[in-house]
Structure formats: C-alpha cells, structure tokens
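Student: Sequence:
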Amino acid sequence: MTESNLPDRVTCLETIAEVTLLAVQQLGIQQREMQKTLTDSIQDLLGMMNEQRGDMAEIRGLQPENRQILDILLNRQNPEA
1 MTESNLPDRV TCLETIAEVT LLAVQQLGIQ QREMQKTLTD SIQDLLGMMN EQRGDMAEIR
61 GLQPENRQIL DILLNRQNPE A
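Letter 44 of the sequence shown, counting from 1, is numbered 44 in the numbering used here, and no numbers are missing.
The hints are simulated quantities; they were obtained by calculation from the structure and are not laboratory data.
The reader is advised that the hints may include incorrect statements.
[Stated by the list, open to error] Computed Cβ-Cβ distance ranges for the label pairs, DEER-style:
hint	residue 1	residue 2	range
1	Asp40	Asn78	51 to 57 angstroms
2	Gly61	Met34	37 to 43 angstroms
3	Met34	Cys12	31 to 37 angstroms
4	Leu13	Arg53	58 to 64 angstroms
Virtual Cβ for every residue (Gly too), placed ideally from N, Cα, C.
Taking the hints into account, I'd like the entire structure generated from these sequences.
Tutor: Now the structure itself:
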C-alpha cells in the first residue's frame, strides 16, 4: 500500500462504516415495527378468543333452556308419551 492511496482507502472505509451503521439502524427500526405489528395481531387474536369464549358460554347457557323448550313442544305433540 502506498502513501498516496491511503486517504482514498480511509474514505472508502468511512463510507462502508456509515452505510453499515445506517443499515443496522434501519434493521432496528424494521424490527421494532414488526414487533409492534406482531403484538397488535396477538392482542387482536386474544380479543377474538375472549369474544368466542363469551359466545360459547352463552350458547352453553341456552342449551338447557332449549332442551326444556324442546321437551315441552314434544310433549304437546305427543301427550301420551
């Protein structure tokens, strides 16, 4: 390596370092955005699961009532049974 191209090499290395730093910063930003998106999606999923649980509990609560109504209706159709 000669003394004359040393400044060029330093400039090149500085440029590589700057580009690398910018790339790492951009990756960090993208990772945070992806993490937020994933967290939001998980929260949405948990919300939907809670709604489904509520719906299932309501259905379970209605099942005995529906059975009683069905028994009454069947007894009206077949009073001898």
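Student: For each hint, tell me whether it holds in the structure or not.
Tutor: Hints and how they fare:
1. Range check, Asp40 to Asn78: about 56 angstroms between beta-carbon atoms, so the 51 to 57 angstroms window is met.
2. Evaluation of the 37 to 43 angstroms hint for Gly61 and Met34 yields a pass: the beta carbon distance comes to about 41 angstroms.
3. A hinted range of 31 to 37 angstroms for the beta carbons of Met34 and Cys12 is consistent with their spacing of about 32 angstroms.
4. Range check, Leu13 to Arg53: about 59 angstroms between beta-carbon atoms, so the 58 to 64 angstroms window is met.
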